[in-house]
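Under this note's numbering, residues 3 to 154 are what the sequence shown spells out, in order.
Rather than coming from a laboratory, the hints here were simulated on the basis of the structure.
Mixed in with the good hints, there may be bad ones.
[Claimed, not checked] Below, simulated DSS-like cross-link-like pairs (lysine-lysine); rule was C-alpha separation at most 25 Å, straight line:
#1 K77 - K63
#2 K32 - K104
#3 K104 - K138
#4 K33 - K43
#5 K77 - K43
#6 K42 - K32
#7 K76 - K33
#8 K104 - K90
#9 K60 - K90
#10 K32 - K76
#11 K77 - K138
#12 K77 - K32
#13 K63 - K76
#14 K43 - K90
#15 K63 - K122
#16 K122 - K33
#17 K76 - K43
#18 K122 - K104
#19 K90 - K42
#20 K43 - K32
#21 K60 - K122
#22 K104 - K42
[To be verified] Label-pair distances were calculated between CB atoms; the ranges are:
#23 P24 - D93: 16 to 26 Å
#24 I152 - A67: 28 to 38 Å
#25 N123 - G56: 32 to 42 Å
#26 A124 - G56: 39 to 49 Å
#27 D93 - D36: 15 to 25 Å
#28 Q99 - I152: 22 to 32 Å
#29 Q151 - G111: 14 to 24 Å
#30 A67 - L153: 13 to 23 Å
#31 G126 - K63: 29 to 39 Å
#32 P24 - L125: 27 to 37 Å
#33 N123 - D143: 30 to 40 Å
Glycine included, C-beta positions come from ideal geometry on N, C-alpha and C.
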Amino acid sequence: MKHAIIVIILSFGLFAVAQESPVVWETDIKKAVDVSIEQKKPLFLFFTGSDWCGVCVKLQKEVFAYPQFQDWAKKNVVLVELDFPRNKQPDPVLQEQNTPMKEMFGITGYPTIVFVNPAKNALGTYYTRIGSLGYKAGGPDVWLEAANQILP
Numbered sequence: 003m004k005h006a007i008i009v010i011i012l013s014f015g016l017f018a019v020a021q022e023s024p025v026v027w028e029t030d031i032k033k034a035v036d037v038s039i040e041q042k043k044p045l046f047l048f049f050t051g052s053d054w055c056g057v058c059v060k061l062q063k064e065v066f067a068y069p070q071f072q073d074w075a076k077k078n079v080v081l082v083e084l085d086f087p088r089n090k091q092p093d094p095v096l097q098e099q100n101t102p103m104k105e106m107f108g109i110t111g112y113p114t115i116v117f118v119n120p121a122k123n124a125l126g127t128y129y130t131r132i133g134s135l136g137y138k139a140g141g142p143d144v145w146l147e148a149a150n151q152i153l154p
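All chains, please: the whole structure from these sequences, using the hints.
Written out as structure tokens, the structure is:
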């Protein structure tokens, strides 16, 4: 009987853990746009230099890695990473996609997060800019407070 109870408790524990899905960072902007439109959530465009930008890594460790951010992200945005590495060969397909996005939003420094609402029409995809944000010291709560002031 004890073994049956332990198995049941462990099963519920594993089920609960399995239900906690990690956040998904899209790299394909077309796919992210479709998800954004379908879910009626803005895009969270994270412009980063993953292999050379120390502040980008700091933002990921001090904010993005925390459950508060991950819970917030799942409810509020579609995450998109637009990476501009320097020390490794970038994927040519992603580079071809990311560079025009960088130019479109006038990105001059990293990290930069741009919140946009995408829409599609016969001419293609267009984006309505909501606002932008970079690194903010103080951890996930401080960063999320700033983000919540940007998002409607």
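Tested hints:
1. Restraint check for K77 and K63: the C-alpha separation of about 20 Å stays at or below 25 Å, so the hint holds.
2. Restraint check for K32 and K104: satisfied, since their Cα atoms lie roughly 15 Å apart, inside the 25 Å limit.
3. Among the hinted pairs, K104 with K138 is consistent with the structure: their alpha-carbon atoms are about 21 Å apart, no more than 25 Å.
4. For the proposed pair K33 and K43, the alpha carbon gap of about 13 Å is at most 25 Å, so the pair holds.
5. For the hint pairing K77 with K43, the CA-to-CA distance comes to about 8 Å; that is within 25 Å, so the pair holds.
6. The straight-line distance between the Cα atoms of K42 and K32 is roughly 15 Å, inside the 25 Å bound, and the hint therefore holds.
7. For the proposed pair K76 and K33, the alpha carbon gap of about 16 Å is at most 25 Å, so the pair holds.
8. Only pairs whose Cα atoms come within 25 Å are accepted, and K104 paired with K90 is accepted, the gap being roughly 19 Å.
9. For the suggested pair K60 and K90, the alpha carbons sit about 20 Å apart, so the restraint of at most 25 Å is met.
10. Our distance criterion of 25 Å between C-alpha atoms is met by K32 and K76, whose separation comes to about 19 Å.
11. Taking the CA atoms of K77 and K138, the gap is about 21 Å. The hint holds against a cut of 25 Å.
12. Between K77 and K32, the direct Cα distance comes to roughly 20 Å. Compliance with the 25 Å bound is thereby established for this hinted pair.
13. With a C-alpha separation of about 18 Å, the suggested pairing of K63 with K76 holds against the 25 Å cut-off.
14. A threshold of 25 Å between alpha carbons decides the hint, and for K43 with K90 the separation of about 32 Å lies outside it, so the pair is violated.
15. Of the supplied pair hints, the one linking K63 and K122 is violated, its CA atoms being roughly 34 Å apart against a limit of 25 Å.
16. Of the supplied pair hints, the one linking K122 and K33 holds, its CA atoms being roughly 13 Å apart against a limit of 25 Å.
17. A threshold of 25 Å between alpha carbons decides the hint, and for K76 with K43 the separation of about 10 Å falls inside it, so the pair holds.
18. Straight-line distance between C-alpha atoms of K122 and K104 comes to about 19 Å, which keeps the hinted pair within the 25 Å bound.
19. Taking the CA atoms of K90 and K42, the gap is about 35 Å. The hint is violated against a cut of 25 Å.
20. With a CA separation close to 15 Å, the supplied pair K43 and K32 stays within the 25 Å bound.
21. Of the pairs offered as hints, the one joining K60 and K122 is violated, with about 34 Å between alpha carbons and a cut-off of 25 Å exceeded.
22. For the suggested pair K104 and K42, the alpha carbons sit about 23 Å apart, so the restraint of at most 25 Å is met.
23. A C-beta distance of roughly 22 Å is found between P24 and D93, which places it inside the suggested range of 16 to 26 Å.
24. Between I152 and A67, the C-beta spacing of about 21 Å breaks the proposed range 28 to 38 Å.
25. With their beta carbons about 40 Å apart, N123 and G56 fall inside the hinted range of 32 to 42 Å.
26. Checking the proposed 39 to 49 Å range against A124 and G56 shows it holds: the Cβ atoms sit about 43 Å from each other.
27. The hinted range of 15 to 25 Å is satisfied by D93 and D36, whose Cβ atoms lie roughly 20 Å apart.
28. Between Q99 and I152 the beta carbon distance is about 24 Å. The supplied range of 22 to 32 Å therefore holds.
29. In this structure the supplied range 14 to 24 Å holds for Q151 paired with G111, their Cβ-Cβ distance being about 21 Å.
30. Judged by the Cβ atoms, the range 13 to 23 Å given for A67 and L153 holds: they are separated by roughly 21 Å.
31. Taking the beta carbon of each, G126 and K63 are about 36 Å apart, inside 29 to 39 Å as hinted.
32. Between P24 and L125 the C-beta distance comes to about 36 Å, which sits within the given range of 27 to 37 Å.
33. Taking the beta carbon of each, N123 and D143 are about 39 Å apart, inside 30 to 40 Å as hinted.
Going through the hint list in order, the structure does not satisfy hints 14, 15, 19, 21, 24.
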